Structures are given as C-alpha cells and as structure tokens.
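Asks: The primary structure of each chain is shown beneath.
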Amino acid sequence: KTKFPTARIKRIMQADEEVGKVAQQTPIAVGKALELFMVQLVSRSAEVAREKNSKRVSAQMLKQVVESDEQWDFLRDIVARV
Amino acid sequence: MSDHEFGGNDDLSLPKATVQKIVSEILPSSAGIAFSKEARDVLIECCVEFITLVSSEANDISEKDSKKTIACDHITKALDRLGFGEYVPAVMEAAAEHKEVQKGREKKANKFEQSGMTLEELERLQQEQFAAAAARHT
Numbered sequence: 001k002t003k004f005p006t007a008r009i010k011r012i013m014q015a016d017e018e019v020g021k022v023a024q025q026t027p028i029a030v031g032k033a034l035e036l037f038m039v040q041l042v043s044r045s046a047e048v049a050r051e052k053n054s055k056r057v058s059a060q061m062l063k064q065v066v067e068s069d070e071q072w073d074f075l076r077d078i079v080a081r082v
Numbered sequence: 001m002s003d004h005e006f007g008g009n010d011d012l013s014l015p016k017a018t019v020q021k022i023v024s025e026i027l028p029s030s031a032g033i034a035f036s037k038e039a040r041d042v043l044i045e046c047c048v049e050f051i052t053l054v055s056s057e058a059n060d061i062s063e064k065d066s067k068k069t070i071a072c073d074h075i076t077k078a079l080d081r082l083g084f085g086e087y088v089p090a091v092m093e094a095a096a097e098h099k100e101v102q103k104g105r106e107k108k109a110n111k112f113e114q115s116g117m118t119l120e121e122l123e124r125l126q127q128e129q130f131a132a133a134a135a136r137h138t
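Residue numbers (this note's numbering), protein chains in the order written: chain A, 1 to 82; chain B, 1 to 138.
It should be emphasised that the hints constitute simulated quantities derived from the structure, not laboratory data. All of these numbers come straight from a predicted model, not from anything done at the bench. A hint or two may mislead.
To be verified - When the alpha-carbon atoms are kept at most 27 Å apart in a straight line, the in silico DSSO-like pairs for lysine-lysine are as follows:
(1) A:K1 <-> B:K111
(2) A:K21 <-> B:K103
(3) A:K10 <-> B:K16
(4) A:K52 <-> B:K99
(5) B:K67 <-> A:K1
(6) B:K21 <-> A:K55
(7) B:K77 <-> A:K3
(8) A:K1 <-> B:K16
(9) B:K64 <-> B:K77
(10) B:K99 <-> A:K3
(11) B:K64 <-> A:K1
(12) B:K37 <-> A:K55
(13) B:K21 <-> A:K21
(14) B:K64 <-> A:K3
(15) B:K103 <-> A:K1
(16) B:K16 <-> A:K55
(17) B:K64 <-> A:K55
(18) B:K107 <-> A:K10
(19) A:K21 <-> B:K37
(20) A:K1 <-> B:K37
(21) A:K3 <-> B:K103
Kindly generate the complete structure, drawing on both the sequences and the hints.
Replies: Shown next as structure tokens:
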C-alpha cells in the first residue's frame, strides 16, 4: 500500500518556524493520521459524486464536503478559492 | 497563517503521483470514480494544511510538556484535541510497528560490534574470502 514520504512530511512540519525538533517516529504517526484523513475526505467526496451521478469528483464537491462538517473548518479558506 | 499558492511549491507540497495513487487505492475501481485534476490539487492543499494543523497543536503540547522534540504522544494528544481522536488507535499501531522495524535495522547495524572480531581480523577474513572467490573463478 502506498505511503506518504516521511521526509517530506517532516519538512512540511518544520516549515513552521515554531516547530523545532521532531522525533524519528513522529512523521510516521503524522503520515498515518494523514492517510485516515484522506480516506474520509476522498470517500465523502466520492459519495457526493455518486449522488450527483457523476464519475468525476470535482473541486466543488470537495468544497461541499468541507463545508458540511465542522471538523474541517480549518480547510474552509482553501476551498473558498474554488 | 501560511500563504499557500494554488498548486504549491514542490518542497512544501506532497508528490502528485503519490496522492493520485492513494486516491485510487481508496476508491473502489468498480465504481469508476476519479478525481479531477483540480480536485486533486485542492486535496493536496488540504493534506498539507492538515499536517500543519496537527504539527502546530502538537508543538504547543510539547512545549507545555517542557519537551524540545515533538514525539508521537504529542501527535496523538493533538489529534484528540482537534477532534480526530478516532485516528489515535491506528496511529499508535503504525508508530509501534515502525519502532519494531527500526529495532530490527539497528540489530543488523550492530552485527559488526557483535561479531566479536577486531577490525584487523575482519579485514583478514575479507581478504581470505576474496582470495577464495578469485580462486573459484580462475
């Protein structure tokens, strides 16, 4: 099964100036969490596509999913551009 | 607040091909549903934002813990606080598995130390093995 590159994850984490050292295991943990996050976001978006009888998941559909759940408020700025 | 451009800088983004692969692993091929390019790019931005969110929270937690290094514990606490507590069991399992793999790797690296031979002895052994191999090939 495909996994996210841990070196890249670590780099993204450390792009935040406040973030200092990161333990070796930590990007692995973050990668796993990211995987689960993606499963939810992707599945729900696909559901919207199915409901609309489309074979393509559009950015609008992603936006709809994000706006439908408080848990994903942190993504609103990103989808606002869609 | 970070200022990400649409499409993102490669270094602070995730590889498109990897994300695409993961998306197809999540979606059943029977449904024939695919992500548009734009949707995939937005998805990548969301992923990066997720990492940033969790890191920031975990960083705060590690500071309050008087630790200079962000550890797995801080990540799981952060996930809990951010409303992603359901991810914690799987995350802990992944970290534990990785620890086991790491231990195995370190064991191999220590083979030299554990061989009980000095560097000279090992070099001599190597020379003998080279000579024997050369002899086999003439």
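Asks: Each hint should be assessed against the structure and marked as holding or not.
Replies: Okay, the hints, checked on the actual structure:
no. : hint             : verdict
1   : A:K1 <-> B:K111  : 31 Å, violated
2   : A:K21 <-> B:K103 : 21 Å, holds
3   : A:K10 <-> B:K16  : 17 Å, holds
4   : A:K52 <-> B:K99  : 44 Å, violated
5   : B:K67 <-> A:K1   : 33 Å, violated
6   : B:K21 <-> A:K55  : 17 Å, holds
7   : B:K77 <-> A:K3   : 23 Å, holds
8   : A:K1 <-> B:K16   : 16 Å, holds
9   : B:K64 <-> B:K77  : 12 Å, holds
10  : B:K99 <-> A:K3   : 17 Å, holds
11  : B:K64 <-> A:K1   : 36 Å, violated
12  : B:K37 <-> A:K55  : 13 Å, holds
13  : B:K21 <-> A:K21  : 30 Å, violated
14  : B:K64 <-> A:K3   : 31 Å, violated
15  : B:K103 <-> A:K1  : 22 Å, holds
16  : B:K16 <-> A:K55  : 20 Å, holds
17  : B:K64 <-> A:K55  : 47 Å, violated
18  : B:K107 <-> A:K10 : 25 Å, holds
19  : A:K21 <-> B:K37  : 35 Å, violated
20  : A:K1 <-> B:K37   : 22 Å, holds
21  : A:K3 <-> B:K103  : 20 Å, holds
Comparing the model with each earlier hint shows violations of hints 1, 4, 5, 11, 13, 14, 17 and 19; every other hint is respected.
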